[in-house]
Structures are given as structure tokens and as C-alpha cells.
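Input sequences plus hints: build the corresponding full structure.
Residue numbers (our numbering), protein chains in the order written: chain A, 1 to 400; chain B, 1 to 228.
Hints are not guaranteed to be accurate.
Stated by the list, open to error - Only pairs whose alpha carbons sit at most 27 Å apart, straight line, appear in this in silico DSS-like list of lysine-lysine:
hint : chain 1 : residue 1 : chain 2 : residue 2
1    : B       : K225      : A       : K390
2    : A       : K390      : B       : K59
3    : B       : K79       : B       : K59
4    : B       : K215      : B       : K225
5    : B       : K178      : B       : K215
6    : B       : K164      : B       : K215
7    : A       : K390      : B       : K15
8    : B       : K188      : B       : K162
9    : B       : K178      : B       : K188
As the list claims (entries may be wrong) - To give an idea of the interface, some chain A residues facing chain B are shown, with a C-beta separation under 10 Å as derived from the structure:
hint : residue
10   : A150
11   : H154
12   : G317
13   : T392
14   : P393
15   : L397
What the hints assert, rightly or not - Pair ranges (Cβ atoms, derived):
hint : chain 1 : residue 1 : chain 2 : residue 2 : range
16   : A       : P112      : B       : S122      : 42 to 48 Å
17   : B       : D71       : A       : A364      : 44 to 50 Å
18   : A       : G22       : B       : R123      : 40 to 46 Å
19   : B       : E20       : A       : I17       : 34 to 40 Å
20   : A       : M301      : B       : V19       : 49 to 55 Å
21   : B       : G117      : A       : H12       : 29 to 35 Å
22   : B       : R217      : A       : A289      : 53 to 59 Å
Bear in mind the hints are in silico, worked out from the structure with no lab data behind them.
Virtual Cβ for every residue (Gly too), placed ideally from N, Cα, C.
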Amino acid sequence: MFDLAWKNMWQHKLRTILTLIGIAVGLELVILLTAILDFTERSMDDELAKYSGAGQFFVTSKPLSGSSGQEFPPINNTLREDDADRIVVAVRDRVDESRTTPVLFRELAGPPFPNAPSEALAVGLHHDKVRAFVGDEARLDPDGYPAGDARLEHGLPEFSGPEAKEVILGDVAAGVFDDPNVGSQITVAGQMLLVVGRIRGEDEFDRVASNPILMPLRTAQEIFQQPASVSALLVTARQPGAVSQLAEEIRAQVSDVAVITEAEIAQSLNDALGGQRTFFNIINWTVYAVAAIVVAIVMIMAVAERTREIGTLRAIGASQALVLGTIVAEAVIIGLLGGLISIPVAFLLDSLVGFGLREVVEVASLAQVVLLATFLSGAAAFLPAWRATKITPVEALRYE
Amino acid sequence: MSSMVEGTDLWKIYKLDEVEVPALRGVTLALDRGDFMALTGPSGCGKSTLLHLLGCLDKPTRGNVRFEGQDVSRLGDRKLTQIRAEAVGFIFQTFHLLPALTVRDNVVLQLRLAGIGRSERSRMAEEALGTVGLEHRLRHRPQQLSGGERQRVAIARAIAKKPKLLLADEPTGNLDSKMGAEVAEILKRLHRDGQTILMVTHDPGLASQAASVVKLRDGLIDGAKPSP
Ligand SMILES: Nc1ncnc2c1ncn2[C@@H]1O[C@H](COP(=O)(O)OP(=O)(O)OP(=O)(O)O)[C@@H](O)[C@H]1O
Ligand SMILES: [Mg+2]
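Spelled out as C-alpha cells, the structure:
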């Protein structure tokens, strides 16, 4: 069945090749979109889990009334620095002060696609509280150091003082600055800064440690010309389980602030992501539908032009089931090949746009695309295949 | 001696829109085992139609077909297909080879449909192609062969499975006289070896080679009266 289908398929080489390319090009889009969605979901989940695991949350000013949704982290909010200090004093006995710091965010390079994290996010914080922001899993990035450098043996780098003109770069952020080695200078908002460390997260989904350009708070306030304010206060509870209680207390004691915990933000992120998921799925299913229709059309043509051959087959003893099976098998092969070809096509396209598919793509998603394409293509062939079984040998043999 | 295949009072009426076209009007005909019968008659008299009924390719509107004693005229598609696959070999005027397959695979496919085991197929296909003198063309495609060669492939395809009944519808109709003579020679040889053959032809020369000749006219055996 498959051998005959395979041979029939190559009776029209050009048409078959064009069909395969058409299907592959469509599916390649599905692969990219699925990878983007998977990546966004996983990195968000990772980030949220990190905050909740560590008992962390942000306190910032109330969003202006009417502004919808809350970002996480709150990179576009502002909070007066003295308000931040007052809050720390108010709940001092229940917070881990070594991991509680006002932070000033400034997005230097936006997200590569919607709902993704910024590629480069300047983060000003107390110069001795780098861990408060990047978490315990962050480590040195060997790419930023000469091979075998002794500094790689040590822990995270530190800033030399509260006003040091220094930065520590996450690996993704470093990419935005052409991968400067530790010891070289970069320019941020017109200010030359010394790279004193390069870090990266535990894996490629760990965006907290990948995307920041960390610098002392004073330095950030100076170069971004925001002297007495910050974006938010990053608070670490002494007991990770007590976050919601502590959040309640801050809301009660300090008026006009918003407390953004992981739990609340997970909801709004999921809402945002839900829209994206729906949109991407519409595109994906459209691609699948078009691919199935293309297969159906091609098979209808194949059946029409093979009427005589099918009649001959029936005359010499091929059953209806065999005729049906051969047509469906041909479509299944087309779907399978189209799906398989779409994988290298996706990587080829990815190498042109540099999205980084290799790092984020999941084998399960690729398998799903190939299997679904194979299945849908076989299903799409049922109508033409069924029509083929209705061809009677006598009729087919009459027309010469 | 029992008949190989036997049609009794066969009617075939085609409906074209509302008009009924009777192609056969009560034909009774028996073909004995080992016979080589030629069916002749003017164009449109129902020769192909009769051949198709006797070969289980189609069902009569009225009447019976008995194949080796079994009434096949009311069998379902699956059973008829199986009889065609195993017991009937067809040769058509326009060859009807599958263009996607090589000469050898065309024959092998027919053997597969006939239920011949995988290990036997190649040997039997090559043997049949040897019988028609095409052992040197196994890997060719039908499109790469001359008309005479194609018809010989079709004959090899039809006889490879050693069918009980060999049907040929104008086997030389698309061939020049030299190639036609070759095909006739092959059919005669098969007949000598005991093959039962029913052949439709216009060509009196070819018909005269057969052991018996039946003439059709207007859907009836020449001289017979239509059944009521
Ligand atoms: N599927 C069909 N629908 C309608 N009429 C048909 C059909 N098949 C055959 N006929 C008619 O039945 C009659 C007999 O046809 P058949 O093909 O058996 O003739 P034939 O003797 O083989 O002729 P030829 O020598 O030209 O091949 C013709 O009049 C033909 O038009
Ligand atoms: Mg005819």
C-alpha cells in the first residue's frame, strides 16, 4: 500500500515537491509560534516561582486609576525613595533586610516578541544586594571571562561601593551590548560603566538572571536622572509562607501603595498570556486547516487523473479497501514528509531572524506538529479516497 | 465436461438519463475449460459488455453468470474482486499498465493481488515475462516500451498468476500487423498449453486462429431471437 502510494506520489514530482514545500512553510510557522508560547509560559512560570519560593514581592505606588493591568516586575511604576525607606522601617522585624532593597528599573532593550521579558533591563539596587534580585541560582557566566580565569572560582561579583560606576550583566543583556568581557566598559545613557561581572541563570528560562544590567542604585538614579525615586521596593519576607500576611500589613500601614505579590500577578499574567495563546492557536489551526485543504485538493486531482489506473487496479483485483488505503497512505506520506521538512525550515528561518529556537524548542512540540500534520493530511484524503473507491472498473476502462 | 464460465439469458441495460440502452438482450453462452473462443461482431453490438460480465467486472441486469459452477451474478463487490484477482486474467486493447511501476512490478502487483506469497512473486513474474520474450525489459517503465512490448507485458501480467480464465478485449486493436501477429502467436501457444481464453476481436484473421468463433449482433448471438 505504502510502496504503491510512494511511487504514485512521484509521478508528478514538481507538484509533490511544491505541495511538500507549501505544507512545510506553513508548519514552520506553527513550530515557531509554539516555541514562542512555550518559552513565554515557561520563563514566566519560572520567574513567578522564583519570587514565591523566596518569599519576595514588590511594593510600589498605586497605578494611576484607569491604567489597566500590572506589570511584573513593575518596571514602569515609581515610588518615592523615602516612602520605600518608611515601609522597611514599619515591617523591619518580619523582613530579611539583606534581601530587601529599593529597585529602579529602566528598560534598555524591549522584548523580542509580545509578552516576553525585556532583553536588557537596567536594574539599580543597593550595591550589596545583588542576590536579592537575581536569586540563589544565578552564577557566573564563563563567556564573559578569559578561559580558566581565577574569578570564575568565586561567588558572584560585588560592586565596589554605593556610587560605583559599575555594572553586572546577565548573559542575554550582554548580547545586546556585543558581549563585553569583564573589565571592559559599556555606555548606558551616556555614562561609561565598568563591567565587573557577567552572570547567567540556571537555565535559558531563568530570565531574572539573564536580562538585567545590574548597577548600584545611586548610579542608576544619576544616569537615568531620577534622583529621589525608585520603581519599587523589593521585599523579602523572613518566612516565605508569610508573604500574604505581610502584604496585608503593608497595605494597612502605608496608604497609597500597591503590593504586588506573585499570586496576584500570576493571575493577570495568565490573562495576558491567554489572549496570546488564543491568537497563536488561531494562526496554528488556520495553518493546519490550509494544509489539510491543500492535501485534499492535491488528492482530488490525483484521483481524477488516475481514474483509469484506479479502474485498472480494480479490474485486476484490487479491493476498494486497497484503493482507499493507497490514496490515504499517499496523503499520510505527504503530511509526514511536510511535517519533517518543516523542522529544518523552521531552524533555517530561525537562523536568519535569530530568535533562538534551538534553545527553547521542545521535542514534544515538534513531534506534535509532525503527528498532527500526518493525521490531518490522512484525514483530508478520505473524501477523495472514498470517491476513488466508487470508480468502477468498467467505466474507467471504457474511456480511452 | 463442465463449463469454465457460463452466461444464461444475459441482459445488460444501460440507463442514459431516461433512455434505456440495451447492450445485451438475452445472450446465452458457455465457455469450456481449455477452449479458445473468439467473439466478433460489429462495433457496439455488446462484445465488451459480455466479456465484462463473464469476467466478473460487472453484473448483468438480468440473467446469470456461473463461474466454475458458482453463480456469481448476485455476489457483492468484495467477492467479485477476489474472483478477478485470483481466477481471471485481463488483456485490454489499450494495455492499461500502471505507469508508476516498472514492467516487473506491474506483474508483481497483480501476483500480490492474487494472493501469491512474497517469495514466489518475483520468480513467477520473471517466468511470465520470459514467456512473452521480455526478460530483458524488467526495469523499464511502460512508457519506455513499444506498443507491442506493452501488450506483451499486459499478457504476462494476466497469465503470471495462472488464471483459470484469460479474457482479451481486442488485444491487437492498437498494434500494427507484425506485432499483432506476435500477440496472436502467444495466445495460440497459451491455448496449446491448456489456457482457457475468451477473446473479443474485429480482426477476422485473428478470429480464425481461435478454436471457436461466436458472432454477436445487436446484443444477441447472431441468428438468435431476443428472449422475452
Ligand atoms: N456505461 C455505458 N453507458 C451507456 N451505454 C453504454 C455503456 N457501456 C456500453 N454502452 C452501450 O452498449 C452498447 C454495447 O457496448 P460495447 O462496449 O459492449 O460494444 P462493443 O461491441 O464492445 O463495441 P466496440 O467493438 O466498439 O468495442 C453500445 O451501444 C454502447 O454505447
Ligand atoms: Mg468493445
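Structure-based check of each hint:
no.	hint	in the structure
1	K225(B) x K390(A)	violated, 36 Å
2	K390(A) x K59(B)	holds, 15 Å
3	K79(B) x K59(B)	holds, 12 Å
4	K215(B) x K225(B)	holds, 14 Å
5	K178(B) x K215(B)	holds, 25 Å
6	K164(B) x K215(B)	holds, 23 Å
7	K390(A) x K15(B)	holds, 18 Å
8	K188(B) x K162(B)	holds, 16 Å
9	K178(B) x K188(B)	holds, 15 Å
10	A150	violated, 69 Å
11	H154	violated, 69 Å
12	G317	holds, 2 Å
13	T392	holds, 7 Å
14	P393	holds, 5 Å
15	L397	holds, 6 Å
16	P112(A) x S122(B): 42 to 48 Å	violated, 59 Å
17	D71(B) x A364(A): 44 to 50 Å	violated, 58 Å
18	G22(A) x R123(B): 40 to 46 Å	holds, 43 Å
19	E20(B) x I17(A): 34 to 40 Å	violated, 49 Å
20	M301(A) x V19(B): 49 to 55 Å	violated, 32 Å
21	G117(B) x H12(A): 29 to 35 Å	holds, 33 Å
22	R217(B) x A289(A): 53 to 59 Å	holds, 58 Å
Of the numbered hints stated above, those contradicted by the structure are hints 1, 10, 11, 16, 17, 19 and 20, listed in ascending order.
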